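Number of protein chains: 2
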Amino acid sequence: MQQAQVSSTLVNGVDVDKLYGTIDTVKRAPVVATFRFRANNTWMGGGHNRTTIQNFYGTQQDHQRPEPFTLDADEPPVLLGEDHGPNPVEYVLTALAACVTTSIVYHAAARGITINAMESRLEGDLDLQGFLGIRDDVPRGYKQIRMFVKIDADAPPEKLEELVKLGPTYSPVYDTITRAVPVSVQLDK
Amino acid sequence: MQQAQVSSTLVNGVDVDKLYGTIDTVKRAPVVATFRFRANNTWMGGGHNRTTIQNFYGTQQDHQRPEPFTLDADEPPVLLGEDHGPNPVEYVLTALAACVTTSIVYHAAARGITINAMESRLEGDLDLQGFLGIRDDVPRGYKQIRMFVKIDADAPPEKLEELVKLGPTYSPVYDTITRAVPVSVQLDK
Numbered sequence: 001m002q003q004a005q006v007s008s009t010l011v012n013g014v015d016v017d018k019l020y021g022t023i024d025t026v027k028r029a030p031v032v033a034t035f036r037f038r039a040n041n042t043w044m045g046g047g048h049n050r051t052t053i054q055n056f057y058g059t060q061q062d063h064q065r066p067e068p069f070t071l072d073a074d075e076p077p078v079l080l081g082e083d084h085g086p087n088p089v090e091y092v093l094t095a096l097a098a099c100v101t102t103s104i105v106y107h108a109a110a111r112g113i114t115i116n117a118m119e120s121r122l123e124g125d126l127d128l129q130g131f132l133g134i135r136d137d138v139p140r141g142y143k144q145i146r147m148f149v150k151i152d153a154d155a156p157p158e159k160l161e162e163l164v165k166l167g168p169t170y171s172p173v174y175d176t177i178t179r180a181v182p183v184s185v186q187l188d189k
Numbered sequence: 001m002q003q004a005q006v007s008s009t010l011v012n013g014v015d016v017d018k019l020y021g022t023i024d025t026v027k028r029a030p031v032v033a034t035f036r037f038r039a040n041n042t043w044m045g046g047g048h049n050r051t052t053i054q055n056f057y058g059t060q061q062d063h064q065r066p067e068p069f070t071l072d073a074d075e076p077p078v079l080l081g082e083d084h085g086p087n088p089v090e091y092v093l094t095a096l097a098a099c100v101t102t103s104i105v106y107h108a109a110a111r112g113i114t115i116n117a118m119e120s121r122l123e124g125d126l127d128l129q130g131f132l133g134i135r136d137d138v139p140r141g142y143k144q145i146r147m148f149v150k151i152d153a154d155a156p157p158e159k160l161e162e163l164v165k166l167g168p169t170y171s172p173v174y175d176t177i178t179r180a181v182p183v184s185v186q187l188d189k
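Respectively, the protein sequence lines represent chains A and B. Each residue of the first sequence is one higher than the one before, counting from 1 in this note's numbering. Each residue of the second sequence is one higher than the one before, counting from 1 in this note's numbering.
Next comes chain A alone, as it looks inside the complex (with noise of 0.2 Å):
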């Protein structure tokens, strides 16, 4: 990242010393930067299932917050749920929305570039016949995702694509979809 230029501490609500004091640490050390981020879900019945989210590993050490935060998924009645949250591929979408404007809220305060206000829509196209086993050549999973990004910036209306780009730059979400993560499933005895 280059040097904020900027007096406040404090740019787009991100703590731009601390941020700038993580990068020192993390390059001296970078062992400092190794996370395993983890979850457990558990059956609810039908298409409902729940995670929880609590603790995860970073800078050497495990961190736990006080409480679990609960995620409840569902499918909608079409698909033969009962609407108790979210579907699965529909997280897909919040996990990239978030990730890529909390990409450009950083990188953009590590430039001491002020956002002001930043909004964004999503959507992914899916065809079930994947999923339902009818043809093997067509991907169960998204076969395009589009994400629309509406930004009000103390930047020159030009430099508003280059704020944008330091979404898919940056983010760890982005890359996990674009590029082919490794993924083991496997009975646990």
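These are calculated hints, taken from the structure and not from any lab test. Each hint should be verified, as a subset may be incorrect.
[Claimed, not checked] Examples of chain B residues lying across from chain A (beta carbon under 10 Å, computed):
hint, residue
1, 61
2, 80
3, 173
4, 174
[As the list claims (entries may be wrong)] Straight-line Cα separation of at most 20 Å, EDC-like style, residue types lysine to aspartate or glutamate; simulated pairs:
hint, chain 1, residue 1, chain 2, residue 2
5, B, 189, A, 152
6, B, 189, A, 119
7, A, 18, B, 162
8, A, 165, A, 154
9, B, 159, A, 188
10, A, 189, B, 123
11, A, 189, B, 162
12, B, 27, A, 125
[Unchecked claim] What follows is a set of in silico ranges between Cβ atoms, one per label pair, in the way DEER data are often shown:
hint, chain 1, residue 1, chain 2, residue 2, range
13, A, 65, B, 146, 20 to 28 Å
14, A, 154, B, 77, 42 to 50 Å
15, A, 179, B, 36, 18 to 26 Å
16, A, 82, B, 152, 17 to 25 Å
17, B, 150, A, 150, 37 to 45 Å
18, A, 179, B, 189, 47 to 55 Å
19, A, 9, B, 10, 51 to 59 Å
20, B, 152, A, 150, 28 to 36 Å
21, A, 65, B, 155, 31 to 39 Å
22, B, 72, A, 20, 33 to 41 Å
23, B, 169, A, 117, 52 to 60 Å
Since we're looking at a predicted model, the values are computed, not measured. C-beta atoms are modelled at their ideal positions from N, C-alpha and C, and glycine is treated no differently.
Once you have looked at the hints, place chain B on chain A.
Just chain B now, with coordinates in the frame of chain A:
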């Protein structure tokens, strides 16, 4: 899918008659299987943003829930946030857990296999040197994700491995993560 050998229409909480009805409908008119899922996101400040999920397109019509689902994302303090919600990469694990679980449940139901209980735990490895822009040769996203599934089903122990494999075989989110899916992020003018 193979035809279910069951007398009841409900297996694992999934209406198998409706499931086979859907498959028959899609076989006759594949356009019915074309879905478009949607999400909207608003930046709240710092690492905190909020996604709402309400409508989607599928079976040749728009579907709208009466109220939107609201999902907050944030970073933990060690990543300069305030823990208003899980972070974006934790949402990826949530999407994967939910999707693999539902894929096993639905495809087991189609085969007439009763599942009594299912739980899973997931972990994903990430090196923040990528996100921080310290090293360009380090991927921004997950290096690897592992999911461990505990399953109690009316099937002999040697069949449980097969049952778990239904997840990676059919799950749209597993496919989205393990395949390189195109994502466009653009300025919404």
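Status of each hint after checking the structure:
Interface hint status for residue 61 (chain B): upheld, as the beta-carbon distance to the closest one in chain A is roughly 9 Å, under 10 Å. Interface restraint check: residue 80 (chain B) against chain A, minimum CB-CB distance 6 Å, threshold 10 Å, status holds. Here the hint on residue 173 (chain B) is kept, as its CB sits about 5 Å from the closest CB of chain A, short of 10 Å. Proximity of residue 174 (chain B) to chain A holds as hinted, the smallest CB-CB distance being about 6 Å (cut-off 10 Å).
Distance check on the hinted pair: residue 189 (chain B) and residue 152 (chain A) sit about 11 Å apart at the alpha-carbon level, within 20 Å; holds. Note on residue 189 (chain B) and residue 119 (chain A): the hinted pairing holds, with a Cα-Cα distance of about 12 Å set against a maximum of 20 Å. This hinted pair does not check out: residue 18 (chain A) and residue 162 (chain B) have alpha carbons roughly 48 Å apart, beyond 20 Å. With a C-alpha separation of about 16 Å, the suggested pair residue 165 (chain A) and residue 154 (chain A) falls inside the 20 Å cut-off, and the hint holds.
A C-alpha spacing of about 14 Å is found between residue 159 (chain B) and residue 188 (chain A), which places the hinted pair at or below 20 Å, so the restraint holds. Pair hint residue 189 (chain A) plus residue 123 (chain B) holds up; C-alpha atoms about 17 Å apart against a cutoff of 20 Å. Between the alpha carbons of residue 189 (chain A) and residue 162 (chain B) the distance comes to roughly 14 Å, so the proposed pair stays at or under 20 Å and holds. This hinted pair checks out: residue 27 (chain B) and residue 125 (chain A) have alpha carbons roughly 19 Å apart, not beyond 20 Å.
At roughly 22 Å, the beta carbons of residue 65 (chain A) and residue 146 (chain B) sit within the given window of 20 to 28 Å. Checked against the given bound of 42 to 50 Å, the beta carbons of residue 154 (chain A) and residue 77 (chain B), roughly 27 Å apart, lie outside it. Evaluation of the 18 to 26 Å hint for residue 179 (chain A) and residue 36 (chain B) yields a pass: the beta carbon distance comes to about 23 Å. Checked against the given bound of 17 to 25 Å, the beta carbons of residue 82 (chain A) and residue 152 (chain B), roughly 22 Å apart, stay inside it.
Between residue 150 (chain B) and residue 150 (chain A) the beta carbons are some 44 Å apart, a value that agrees with the proposed interval 37 to 45 Å. Separated by about 29 Å at the C-beta atoms, residue 179 (chain A) and residue 189 (chain B) break the suggested range of 47 to 55 Å. Roughly 58 Å separates the CB atoms of residue 9 (chain A) and residue 10 (chain B), a value that falls within the hinted 51 to 59 Å. Between residue 152 (chain B) and residue 150 (chain A), the C-beta spacing of about 48 Å breaks the proposed range 28 to 36 Å.
Against the hinted window of 31 to 39 Å, the Cβ-Cβ separation of residue 65 (chain A) and residue 155 (chain B) comes to about 37 Å, which satisfies the hint. For the pair residue 72 (chain B) and residue 20 (chain A), the beta carbons lie near 27 Å from each other, so the given range of 33 to 41 Å is not met. Checking the proposed 52 to 60 Å range against residue 169 (chain B) and residue 117 (chain A) shows it is violated: the Cβ atoms sit about 43 Å from each other.
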